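Enquirer: Okay, here's what each chain looks like letter by letter:
2 protein chains.
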Amino acid sequence: MSFRGVHHLGFAVNDLEEAVSTYGRLFGATLEHRDRLEQQGVEAAAVLVGDGRIELLAPTGDDTPVGRFLARRGPGMHHVAYEVDDVGATLDRLERSGAELIDHAPRKGLYGLEVAFVHPDSVHGVLTEVVRPG
Amino acid sequence: MSFRGVHHLGFAVNDLEEAVSTYGRLFGATLEHRDRLEQQGVEAAAVLVGDGRIELLAPTGDDTPVGRFLARRGPGMHHVAYEVDDVGATLDRLERSGAELIDHAPRKGLYGLEVAFVHPDSVHGVLTEVVRPG
Numbered sequence: 001m002s003f004r005g006v007h008h009l010g011f012a013v014n015d016l017e018e019a020v021s022t023y024g025r026l027f028g029a030t031l032e033h034r035d036r037l038e039q040q041g042v043e044a045a046a047v048l049v050g051d052g053r054i055e056l057l058a059p060t061g062d063d064t065p066v067g068r069f070l071a072r073r074g075p076g077m078h079h080v081a082y083e084v085d086d087v088g089a090t091l092d093r094l095e096r097s098g099a100e101l102i103d104h105a106p107r108k109g110l111y112g113l114e115v116a117f118v119h120p121d122s123v124h125g126v127l128t129e130v131v132r133p134g
Numbered sequence: 001m002s003f004r005g006v007h008h009l010g011f012a013v014n015d016l017e018e019a020v021s022t023y024g025r026l027f028g029a030t031l032e033h034r035d036r037l038e039q040q041g042v043e044a045a046a047v048l049v050g051d052g053r054i055e056l057l058a059p060t061g062d063d064t065p066v067g068r069f070l071a072r073r074g075p076g077m078h079h080v081a082y083e084v085d086d087v088g089a090t091l092d093r094l095e096r097s098g099a100e101l102i103d104h105a106p107r108k109g110l111y112g113l114e115v116a117f118v119h120p121d122s123v124h125g126v127l128t129e130v131v132r133p134g
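Sequences listed follow chains D and W, in order. So in the working numbering, the last one in the first sequence is 134, and the numbering has no gaps at all. So in the working numbering, the last one in the second sequence is 134, and the numbering has no gaps at all.
Chain D with its partners taken away, still in its complex shape (with noise of 0.2 Å):
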């Protein structure tokens, strides 16, 4: 099977300087990198707890995914990333298995991740992403 296993957890904030300094603070968590995506209107930080994988997502505006998320549900986990060798062939898997997706193709993601998203009512209400490093 090509899922590696857990490439990040996605977790949506309100404030990204506090949320990144709450992990510093209470796990020891260690910055990793930053990226700004103008067009999915998200703002990152992937911190390491040990060597486990943070992505911290705040909003750039109030329509935006991650904004509305937060308006309807509050902060909290957004979605699993697994990491994946060959995003394209695991899309066709997953189309073959019944998988409703998001996205039909890879696509660019923060820290030029090719990744693509599948809804989540085809896993039991969980937002799920594969990734390839890039």
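Accuracy of the hints is not assured; some may be wrong.
Said to hold, decoys possible - Here's a subset of chain D near chain W, in silico, CB distances under 10 Å, partners left out:
no. : residue
1   : GLY28
2   : GLU32
3   : ASP51
4   : ALA71
5   : ARG73
6   : PRO75
7   : VAL80
8   : TYR82
9   : PRO120
10  : HIS124
Unchecked claim - Facing chain W, according to a computed beta carbon distance under 10 Å, are these residues of chain D, among others:
no. : residue
11  : LEU9
12  : VAL49
13  : GLY74
14  : GLU83
15  : LEU127
In case anyone wonders, no lab produced these hints; they're calculated from the structure. Note that the coordinates shown come from a computational prediction; the quantities given were computed from them, not determined experimentally. Just so you know, even glycine gets a beta-carbon here, dropped at the ideal spot from N, CA and C.
On the provided structure of chain D, position chain W as indicated by the hints.
Expert: Same frame as chain D, but now just chain W:
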């Protein structure tokens, strides 16, 4: 620091058998453990997606923590668990760092784990567990 990484992700589901089957079909997940904690009102299956561990959690009744979570939010991401060397020492350090603890002492979790939970209000809405493998 004693935080080694992500031990598992806990996802709340309505139907445990169906969820185990979905994770196998879509992500090639294999079953690692099954357990039932009557006093926590939870039935669980740990599955491995590559080397990532997902703990699928179904309630044993409506008036249980996971049952109430499902009624309020529907199925989805429930908690993240970090692996630590010493749960008791970690709780002391978390409390000194200003975290609000749910468990002030380690307790017995699923599959013989030693566990404790930190309140989501301390962690930007994320229910956070610390775990020492048994």
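Enquirer: When the hints from earlier in the document are held up against this structure, which numbers fail?
Expert: 2 and 4
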